[in-house]
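Engineer: The lines below spell out each chain.
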Amino acid sequence: MSHHLFILSPSDTPLYSLTHLSSRPAAPAPSPLSANLPSWSTSAFAGTLTALSGASSMAQMSTQGGGVRMGGGQDRHVIQMIANASLDMIEDVVRRENGMYLKAVDKFNEWTISAFVTPGNTKFVLLHEGKNDDGIRAFFVEVWELYLKTMMNPFHTAHSTIRSSVFDTRVRASAKKYL
Amino acid sequence: MASTRFSVLSSSSLSSAELLSPTGSSGRFSLPSAPSITTAVGPSKPLVRPNIYDRPLNKTRSAEVSASAFAFLFSEIVQYTQKRVGGINDFERRLNTLGYRIGTRVLELMIWRTEGSSKAPKREIRFLPALMSIHNNVWKAVFGKTADGVEKSVENADEYMIIDNDPVVTRSISVPRELSQLSCSSFTAGLVEAVLDGLGFPARVTAHNTPNVDHPSRTTILIKLDKSVLDREELFK
Chain A
1 MSHHLFILSP SDTPLYSLTH LSSRPAAPAP SPLSANLPSW STSAFAGTLT ALSGASSMAQ
61 MSTQGGGVRM GGGQDRHVIQ MIANASLDMI EDVVRRENGM YLKAVDKFNE WTISAFVTPG
121 NTKFVLLHEG KNDDGIRAFF VEVWELYLKT MMNPFHTAHS TIRSSVFDTR VRASAKKYL
Chain B
1 MASTRFSVLS SSSLSSAELL SPTGSSGRFS LPSAPSITTA VGPSKPLVRP NIYDRPLNKT
61 RSAEVSASAF AFLFSEIVQY TQKRVGGIND FERRLNTLGY RIGTRVLELM IWRTEGSSKA
121 PKREIRFLPA LMSIHNNVWK AVFGKTADGV EKSVENADEY MIIDNDPVVT RSISVPRELS
181 QLSCSSFTAG LVEAVLDGLG FPARVTAHNT PNVDHPSRTT ILIKLDKSVL DREELFK
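Going down the list, the protein sequences come from chains A and B.
Just so you know, we're using this note's numbering here: the first sequence kicks off at 1 and counts up by one.
Just so you know, we're using this note's numbering here: the second sequence kicks off at 1 and counts up by one.
Where hints are given, some of them may not hold.
As the list claims (entries may be wrong) - One side of the interface only, derived from the structure: several residues of chain A facing chain B at Cβ under 10 Å:
id	residue
1	81
2	87
3	88
4	97
5	100
6	116
7	122
8	137
9	148
10	157
11	163
12	166
13	170
Just so you know, these hints were derived from the structure itself, not from any lab.
Think of the CB as a built atom: it goes at the ideal place given N, C-alpha and C, for glycine as much as any other residue.
Please model the entire structure based on the sequences and the hints provided.
Structural biologist: Printed below as a string of structure tokens:
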């Protein structure tokens, strides 16, 4: 069961992304839709798609996974597309509701998309499979604090990508803790 | 309080100047202000770089900055800016940009401090509550007091004003007559603009001098909202 986190600036430039593979068993959330659709990466085009999406990122993902098989719809570009597609939904909901944590704003095949919008309109988008509201909320709040600390740095601008290894380690640690 | 701090600053720079100006060779050609800078930086201990992720964000929650230190910094900012601009418009725009950088951070930090520990953190989505929160909370967080008034323009539906009778940023600034149109509160205007932008209310914010008999440095922060904001507010009704 994997999670994908994207941090997007107010103008939707990607600032940070993380793939987290948790060892916890996926909570059963079968989607009738996903069962009927062909699995993306096992299709005949999988090799081409992988190559297009950048083989290095795939290799990185599988090493991190430690032998976890990349299943359907887990190609990098598909994940990115799902995350980007959910932005419309997020923007729509943000205008209507005043919560920062947007629970399950969008769904695509087996993926559920939850988001967190900071006061300054930075968006954290998380693709996940199971249901884990409290964990995800706690995860987002921790990421918010880390992001805030990054932001307080005068050398950080709204569009600079976050390359700090400490940030990365901390986000991974809280992902491990809550997801 | 401000005056005592200032005296501390001046005495320390004096003592360091005494320490570092030996009667002989090197003191003669060094700049008089240089020693105080070098003494401030030079610990002989191995430098341990502090990690920004280890610092608690609430530590400075109730900390205050000396008004004189700020006045000194701001005067440098104004001088620096003045050297690089052609006219008053450009001047104000630059100060606005500098304030904007502060504003994005103020907004995020301020809301985190109030909502960060809450179970369901909230952000403001209606304009008027957001404006009131700028008037109260932002002003409190930045200047230590609330602003002195919020007004809605009579002529234009998209214009709002925040009034400060004695803005902290310009308290020690006297603008020369040839620049009388200039308002250094453009810095504050930029800050307000950033907060509104962050909350999703794009606006153009400017500062204007509006002195009256009681308050000679009274300043109005004029907010001209983008049309999209008004359309959105209509939908809420």
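Engineer: Run every hint past the structure and note whether it holds.
Structural biologist: Cross-check of the supplied hints:
1. 81: With Cβ-Cβ at 25 Å, over 10 Å, it is violated.
2. 87: violated (14 Å)
3. 88: violated (15 Å)
4. 97: holds (7 Å)
5. 100: For residue 100 of chain A, the interface hint holds, since the closest Cβ of chain B sits about 4 Å away, which is under 10 Å.
6. 116: Constraint on residue 116 of chain A satisfied, holds at 9 Å.
7. 122: holds (8 Å)
8. 137: With a closest approach of 8 Å, the residue 137 of chain A hint holds.
9. 148: holds (5 Å)
10. 157: This hint holds: residue 157 of chain A lies near chain B, its Cβ roughly 8 Å from the closest one there, short of 10 Å.
11. 163: violated (13 Å)
12. 166: holds (5 Å)
13. 170: Given a least distance of 6 Å, the restraint on residue 170 of chain A holds.
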